[in-house]
Amino acid sequence: MNQASLKEKVLLVTGASQGLGAEVAKACAAAGATVVLLARSQKKLEAVYDEIVSAGGPEPYAIVFDMMPAQEKEFEQLAQTVAAATEGRLDGIIHCASYFYALSPLDFQTVGEWVNQYRINTVAPMALTRAMLPMLKASPDASVIFVGESHGEKPQAYWGGFGASKAALNYLCRVAADEWERFEHLRANVLVPGSINSPQRIKTHPGEAAEERKNMSDITPQFVWWVSAESRGRSGEIVYL
Numbered sequence: 001m002n003q004a005s006l007k008e009k010v011l012l013v014t015g016a017s018q019g020l021g022a023e024v025a026k027a028c029a030a031a032g033a034t035v036v037l038l039a040r041s042q043k044k045l046e047a048v049y050d051e052i053v054s055a056g057g058p059e060p061y062a063i064v065f066d067m068m069p070a071q072e073k074e075f076e077q078l079a080q081t082v083a084a085a086t087e088g089r090l091d092g093i094i095h096c097a098s099y100f101y102a103l104s105p106l107d108f109q110t111v112g113e114w115v116n117q118y119r120i121n122t123v124a125p126m127a128l129t130r131a132m133l134p135m136l137k138a139s140p141d142a143s144v145i146f147v148g149e150s151h152g153e154k155p156q157a158y159w160g161g162f163g164a165s166k167a168a169l170n171y172l173c174r175v176a177a178d179e180w181e182r183f184e185h186l187r188a189n190v191l192v193p194g195s196i197n198s199p200q201r202i203k204t205h206p207g208e209a210a211e212e213r214k215n216m217s218d219i220t221p222q223f224v225w226w227v228s229a230e231s232r233g234r235s236g237e238i239v240y241l
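For reference, each letter of the sequence shown is one residue, going 1 to 241 in full-length UniProt numbering.
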């Protein structure tokens, strides 16, 4: 896949302090986008910020924000912060933030684990997208990407709360795509990375050899393409990378 251009685009990437989120943010910056980095860890965000600047990408914005306890007020304040930093411009969101406990039988999974996984994997993407929607609607070309997981479509033992929260994310994406159908410039899709060398994959598949997984750099060009103008007209899809 050829590298799509993101010149003059402003993109918000959640979970941008490490793993897939960090790599996607760096790839988007390399393609010309001004990236708003969002995560809980200031130190890790600063490291990604420095990498983007050192590589010659447009200077990003780094915002420390914890989505776990956030309610409507905090998400609205975040939207105001983003708008102030970017002069009201936002052309897309890539929801990379994810919360995972451990693979275990339902017997051992708790209400708290389910609630927290839904909170970050489903509720936060909804709340964040809703808060940013006025800016997305004002953009000439806006793309929202949700990062899915194969067990969201294919239930399997031990994936319990995590798989269920990702199934709900697929539903969220398709509802958004349906509601936004009247907006030709606004779209939403789910990208499923598959087996990649990410911290979460290593946690869920500890016995898997590194050579059995794709490098994150193998799939980041596809994230760039799906958030670029080249993907215009494609919405409500669940895409396996």
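Wrong hints could be hidden among the right ones.
[Unchecked claim] Result set (DSS-like, lysine-lysine): computed pairs, CA atoms no more than 27 Å apart in a straight line:
#	residue 1	residue 2
1	Lys44	Lys73
2	Lys44	Lys7
3	Lys154	Lys214
4	Lys73	Lys137
5	Lys43	Lys73
6	Lys154	Lys7
7	Lys214	Lys44
Hints in this document: simulated from the structure, not taken from any laboratory.
Status of each hint after checking the structure:
1. Lys44 - Lys73: Satisfied, since the Cα-Cα distance of roughly 26 Å is no more than 27 Å.
2. Lys44 - Lys7: 25 Å, holds
3. Lys154 - Lys214: 21 Å, holds
4. Lys73 - Lys137: Holds, at about 21 Å.
5. Lys43 - Lys73: Holds. Lys43 to Lys73 sits at ~25 Å (cutoff 27 Å).
6. Lys154 - Lys7: 37 Å, violated
7. Lys214 - Lys44: 23 Å, holds
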